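Colleague: Spelled out from the first residue to the last, the chains are:
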Amino acid sequence: MIQLENVTKTYPKASRPSLDDVSVGIEKGEFVFFIGPSGSGKSTIIKLLLHEVAPTQGKVMVNAKDVTSIRSWKIPHFRRSIGCVFQDFRLLPNRTAYENVAFALEVIGKTKAVSRRVVPEVLELVGLGGKEHRYPHELSGGEQQRVAVARAFVNRPLILLADEPTGNLDPDTSIEIMRLLDRINRTGTTVVMVTHDSNIVNQMRRRVIEIESGRIVRDQARGVYG
Amino acid sequence: MRLKYVLNEVLVGLWRNVTMTVAMIITMSVSLTMLGASVLLYLQVDQMKNYYYGNIEVSIFLRSDVTEAQRQAIDQAISSNPLVAERTYETREEALKRFQELWKDSPEFVKSVGPNSLPESFRVKLKDPEQYKTFADQIQGLQGIQDVIDQRTLLEKVFNIFNAIQVGALVVAGVMALAALLLVGNTIQVAAYSKRREVAVMKLVGASNWFIQAPFVLEAVVAGLIGAILGFIALFVSKVVLFDNKLQALTNILTPIDNGNVWLMLPLLAGVGAVVSAVTAWITLRFYLKV
Chain W
1 MIQLENVTKT
11 YPKASRPSLD
21 DVSVGIEKGE
31 FVFFIGPSGS
41 GKSTIIKLLL
51 HEVAPTQGKV
61 MVNAKDVTSI
71 RSWKIPHFRR
81 SIGCVFQDFR
91 LLPNRTAYEN
101 VAFALEVIGK
111 TKAVSRRVVP
121 EVLELVGLGG
131 KEHRYPHELS
141 GGEQQRVAVA
151 RAFVNRPLIL
161 LADEPTGNLD
171 PDTSIEIMRL
181 LDRINRTGTT
191 VVMVTHDSNI
201 VNQMRRRVIE
211 IESGRIVRDQ
221 ARGVYG
Chain Y
227 MRLKYVLNEV
237 LVGLWRNVTM
247 TVAMIITMSV
257 SLTMLGASVL
267 LYLQVDQMKN
277 YYYGNIEVSI
287 FLRSDVTEAQ
297 RQAIDQAISS
307 NPLVAERTYE
317 TREEALKRFQ
327 ELWKDSPEFV
337 KSVGPNSLPE
347 SFRVKLKDPE
357 QYKTFADQIQ
367 GLQGIQDVID
377 QRTLLEKVFN
387 IFNAIQVGAL
397 VVAGVMALAA
407 LLLVGNTIQV
417 AAYSKRREVA
427 VMKLVGASNW
437 FIQAPFVLEA
447 VVAGLIGAIL
457 GFIALFVSKV
467 VLFDNKLQAL
477 TNILTPIDNG
487 NVWLMLPLLA
497 GVGAVVSAVT
507 AWITLRFYLK
517 V
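Sequence order for the protein chains is W and Y. With my numbering, the residue at position 12 of the first sequence is 12, and numbering never jumps. Take any residue in the second sequence, count from 1 to its spot, add 226: that is its number in my numbering.
Check before you lean on any hint, since a few could be wrong.
Unchecked claim - In silico lysine-lysine, DSS-like type, Cα no more than 27 Å apart, as pairs:
id	chain 1	residue 1	chain 2	residue 2
1	W	47	W	74
2	Y	429	W	112
3	Y	429	W	74
4	W	28	Y	383
5	W	74	W	59
6	W	110	W	59
7	W	13	Y	516
8	W	131	Y	421
9	Y	516	W	59
10	Y	421	Y	351
11	W	110	Y	230
12	Y	383	Y	516
13	Y	353	W	110
14	W	74	W	131
15	W	74	Y	421
16	Y	429	W	65
17	W	47	Y	353
18	Y	421	Y	230
19	Y	353	Y	275
20	Y	351	Y	323
21	Y	429	W	47
22	Y	230	W	112
23	Y	516	W	74
24	W	47	Y	421
25	Y	351	W	74
26	Y	516	W	65
No lab work stands behind these hints, which were simulated from the structure alone. The model shown is predicted, which means the values in this text are computed figures rather than measured ones.
Could you put together the complete structure from these sequences and hints?
Modeller: Next up, the structure:
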């Protein structure tokens, strides 16, 4: 599903590479944590997978496609197969939970009829049934993140990328979000999560890839934070 | 549905930033008015050149002490010259009559001119008015000629003035266009900034580039079109007021401005306004949104 082959990424003006000759493979349906201290390069992996940045060297394969060779005008279409969740939720403040999710559908050309059918379903799935018409400021942090997860998942992507999704949440809420991501993983969606929340990693007991100074120092199935 | 979304975004966008929109439209319309005026002037001068150069004459004034033999020699030289299409001879009496006719409103002036003050002359029409120089060189050396005058050189002075006005209008159009472009760029940046969250989400979920850019580009195009329509109205009104009323006397010299030509300015201005705004907006977005 995801293959990084000898990937090096050096940002302009950076003294050392963010990722240094990283090779890793992720199978379909896996749940993978990327862990490591701030600045270790784990967020760069998310950016590479979304083709927000291009690798300096090496190959990034997503869904059997070489990401770097995708023509720039086809990148939007490519991104539709990837869902994304962030630490800061990135919801539109002037739209309700329902509208936030529907917006993501409608800007990629789905009709209102489709969103009327699909959006309540996915909001129900993330546990927001009955709160469809609340605005983000009327929702708790955990509920806002659920809206974000619903938005990321509504297209049934093959891959869900989560960049520190629990970074702004308290431990109990974090665990609820993890349960949600776990449930999404069980539908067959590959989940890649970047985090430095040791508590969560230790509880989930999933594959852990640890990065330090741009290199993989540990890759362990059913790992702990360490 | 998507069309409705895009159109709604355009209207909201124009209204959100209404002072900037107005500034954009005004500069755009002034620039386009100047462009239209300059193109009209160009068409006009072209038309006038065709009109006047067709009727152009070379006047050969004879000396007052010209002899009969000299006159005949000159007549002979003109008639046999292959460049000449047509020639007429004007005696002193005819010249005086024509003069009296021309200045009949100023009898004092007419009285002061005696029958001998005006020279007799040959009026020559050339087959090709451009050949004046060659013709003048061939004829100038003959005895008894006072002066050879080409109306063309007089006309050229008039046309030079028109050309200068035209260039001036183009320069103003260019400077205003620059201001308009900067305003368009700025307006688009402000619009993109105020919608940065939406744009970020759209990029994230994979909305196509045209869908992200269309509302911004159309916003600029709508402003450009409104500017073009205002510019056209300004042009039309000034044509009616200046040339059809106030300066009607001028139309004796100017050939009349064809209304068809003025109407032609509407699609021209609209096209230029829309395309220039769209391209500016699109380039701004490429730098600003990086989509």
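Colleague: Evaluate each hint against the coordinates.
Modeller: Going down the list of hints, with the structure as the test:
no., hint, in the structure
1, W:47 <-> W:74, "holds, 17 Å"
2, Y:429 <-> W:112, "holds, 20 Å"
3, Y:429 <-> W:74, "holds, 12 Å"
4, W:28 <-> Y:383, "violated, 83 Å"
5, W:74 <-> W:59, "holds, 18 Å"
6, W:110 <-> W:59, "violated, 32 Å"
7, W:13 <-> Y:516, "holds, 20 Å"
8, W:131 <-> Y:421, "holds, 25 Å"
9, Y:516 <-> W:59, "holds, 23 Å"
10, Y:421 <-> Y:351, "violated, 70 Å"
11, W:110 <-> Y:230, "holds, 14 Å"
12, Y:383 <-> Y:516, "violated, 53 Å"
13, Y:353 <-> W:110, "violated, 72 Å"
14, W:74 <-> W:131, "violated, 35 Å"
15, W:74 <-> Y:421, "holds, 23 Å"
16, Y:429 <-> W:65, "holds, 20 Å"
17, W:47 <-> Y:353, "violated, 77 Å"
18, Y:421 <-> Y:230, "holds, 18 Å"
19, Y:353 <-> Y:275, "holds, 16 Å"
20, Y:351 <-> Y:323, "holds, 21 Å"
21, Y:429 <-> W:47, "holds, 13 Å"
22, Y:230 <-> W:112, "holds, 12 Å"
23, Y:516 <-> W:74, "holds, 15 Å"
24, W:47 <-> Y:421, "holds, 22 Å"
25, Y:351 <-> W:74, "violated, 69 Å"
26, Y:516 <-> W:65, "holds, 23 Å"
The earlier numbered hints that this structure contradicts are 4, 6, 10, 12, 13, 14, 17 and 25.
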